[in-house]
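J.: So you can see what is in the structure, the chains are spelled out below.
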Amino acid sequence: DAGVIQSPRHEVTEMGQEVTLRCKPISGHDYLFWYRQTMMQGLELLVYFNNKAVMDDSGMPKDRFSAKMPNASFSTLKIQPSEPRDSAVYFCASSFQSIAGGARYEQYFGPGTRLTVT
Amino acid sequence: GQQVMQIPQYQHVQEGEDFTTYCNSSTTLSNIQWYKQRPGGHPVFLIQLVKSGEVKKQKRLTFQFGEAKKNSSLHITATQTTDVGTYFCAGRTSGTYKYIFGTGTRLKVLA
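Residue numbers (this note's numbering), protein chains in the order written: chain S, 1 to 118; chain Z, 1 to 111.
Keep in mind that a hint or two might mislead.
Stated by the list, open to error - No more than 30 Å apart at the CA atoms, straight line, and that leaves these computed lysine-lysine pairs for DSSO-like:
(1) Z/Lys57 with Z/Lys98
(2) S/Lys68 with Z/Lys98
(3) Z/Lys70 with Z/Lys56
(4) Z/Lys36 with Z/Lys59
(5) Z/Lys51 with S/Lys68
(6) S/Lys78 with S/Lys68
(7) Z/Lys36 with Z/Lys108
(8) Z/Lys70 with Z/Lys36
(9) Z/Lys51 with Z/Lys98
(10) Z/Lys59 with Z/Lys70
(11) Z/Lys98 with Z/Lys59
(12) Z/Lys56 with Z/Lys108
(13) Z/Lys36 with S/Lys52
(14) S/Lys78 with Z/Lys36
(15) S/Lys52 with Z/Lys98
(16) Z/Lys36 with Z/Lys98
(17) Z/Lys108 with Z/Lys70
(18) S/Lys62 with Z/Lys98
(19) Z/Lys57 with Z/Lys36
(20) S/Lys78 with S/Lys24
(21) S/Lys78 with Z/Lys98
(22) Z/Lys57 with Z/Lys108
(23) S/Lys52 with S/Lys78
(24) Z/Lys56 with Z/Lys98
(25) Z/Lys36 with S/Lys24
(26) Z/Lys98 with S/Lys24
(27) S/Lys24 with S/Lys68
No wet-lab data here; the hints were simulated from the structure.
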């Protein structure tokens, strides 16, 4: 398997523009997570899905961020309008529930999208 | 809300020295995971601990889960330059499948 795929790898945009980040999880995984990483805040969970349904989006600024998972193999994180404080590395991760040997939810992270908003 | 703190924030060691990072949660955890992130890379899963007082070893790495399931530690024996990176713990509470990541400990190993 190719692992979690994210695109683009780098994005530079101007304040006020719309940004769309994309993620393809590992086939068969039923959980998908979006994280944001900055030096100041560390790794923050923005939203996570289970079987395409949003389970928790309490970490996501609702006024400008939206996340969708239209099918099991694709998810998007959209920022509109973007602001300089959104500059960060955005990671997508996927996992699956494995009961054998005890429940495991190890997350497989994608390479990340480095977003710079000027 | 739930918070997970790690200490120290940074650690510089000479190659061959030992290293320990500590993770403390404000709430009782169902389980805890550890990840390693190399500079410029993404977090990579290392291990999961589930039971109170559990100890697991992976070669030179020893992981512990506290008796109260609110703290954990990672100890590396005889560090090598390949151990460089940031180590994160991530805790999950019951009733949810989301993990709260700790603040991370950045390890530098001087050859």
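J.: Against this structure, judge whether each hint is valid.
T.: Status of the hints after comparison with the structure:
For the given pair, Z/Lys57 sits about 25 Å from Z/Lys98 by alpha-carbon distance, which is consistent with the 30 Å threshold. With a C-alpha separation of about 17 Å, the suggested pair S/Lys68 and Z/Lys98 falls inside the 30 Å cut-off, and the hint holds. For the hint pairing Z/Lys70 with Z/Lys56, the CA-to-CA distance comes to about 17 Å; that is within 30 Å, so the pair holds. Distance check on the hinted pair: Z/Lys36 and Z/Lys59 sit about 15 Å apart at the alpha-carbon level, within 30 Å; holds.
With a C-alpha separation of about 35 Å, the suggested pair Z/Lys51 and S/Lys68 falls outside the 30 Å cut-off, and the hint is violated. Distance hint between S/Lys78 and S/Lys68 is fulfilled; the C-alpha atoms sit about 8 Å from each other, no more than 30 Å. Among the hinted pairs, Z/Lys36 with Z/Lys108 is consistent with the structure: their alpha-carbon atoms are about 13 Å apart, no more than 30 Å. Between Z/Lys70 and Z/Lys36 the alpha-carbon distance is near 20 Å, which keeps this suggested pair within the 30 Å criterion.
A distance of roughly 18 Å separates the Cα atoms of Z/Lys51 and Z/Lys98; the hinted pair therefore holds under the 30 Å criterion. This hinted pair checks out: Z/Lys59 and Z/Lys70 have alpha carbons roughly 25 Å apart, not beyond 30 Å. Taken as a hint, the Z/Lys98 and Z/Lys59 pair is honoured in the structure, with Cα atoms around 29 Å apart against an allowance of 30 Å. The hinted pair formed by Z/Lys56 and Z/Lys108 meets the criterion: a straight-line CA distance of about 23 Å does not exceed 30 Å.
For the hint linking Z/Lys36 to S/Lys52, the alpha-carbon distance of about 28 Å falls within 30 Å, and the restraint holds. For the suggested pair S/Lys78 and Z/Lys36, the alpha carbons sit about 28 Å apart, so the restraint of at most 30 Å is met. About 15 Å separates the Cα atoms of S/Lys52 and Z/Lys98, which keeps this hinted pair within 30 Å; it holds. Between Z/Lys36 and Z/Lys98 the alpha-carbon distance is near 18 Å, which keeps this suggested pair within the 30 Å criterion.
For the proposed pair Z/Lys108 and Z/Lys70, the alpha carbon gap of about 27 Å is at most 30 Å, so the pair holds. For the suggested pair S/Lys62 and Z/Lys98, the alpha carbons sit about 19 Å apart, so the restraint of at most 30 Å is met. Taken as a hint, the Z/Lys57 and Z/Lys36 pair is honoured in the structure, with Cα atoms around 15 Å apart against an allowance of 30 Å. For the proposed pair S/Lys78 and S/Lys24, the alpha carbon gap of about 15 Å is at most 30 Å, so the pair holds.
Distance restraint check for S/Lys78 and Z/Lys98: the Cα-Cα separation of roughly 21 Å lies within the 30 Å cut-off, and the hinted pair is therefore satisfied. Restraint check for Z/Lys57 and Z/Lys108: the C-alpha separation of about 22 Å stays at or below 30 Å, so the hint holds. The suggested pairing of S/Lys52 with S/Lys78 holds, with an alpha-carbon distance near 16 Å, which does not exceed 30 Å. Restraint check: the Cα-Cα separation between Z/Lys56 and Z/Lys98 comes to about 23 Å, which is no more than 30 Å; the hinted pair holds.
Distance hint between Z/Lys36 and S/Lys24 is fulfilled; the C-alpha atoms sit about 22 Å from each other, no more than 30 Å. As the CA atoms of Z/Lys98 and S/Lys24 are separated by approximately 19 Å, the hinted pair is consistent with the 30 Å bound. Our distance criterion of 30 Å between C-alpha atoms is met by S/Lys24 and S/Lys68, whose separation comes to about 12 Å.
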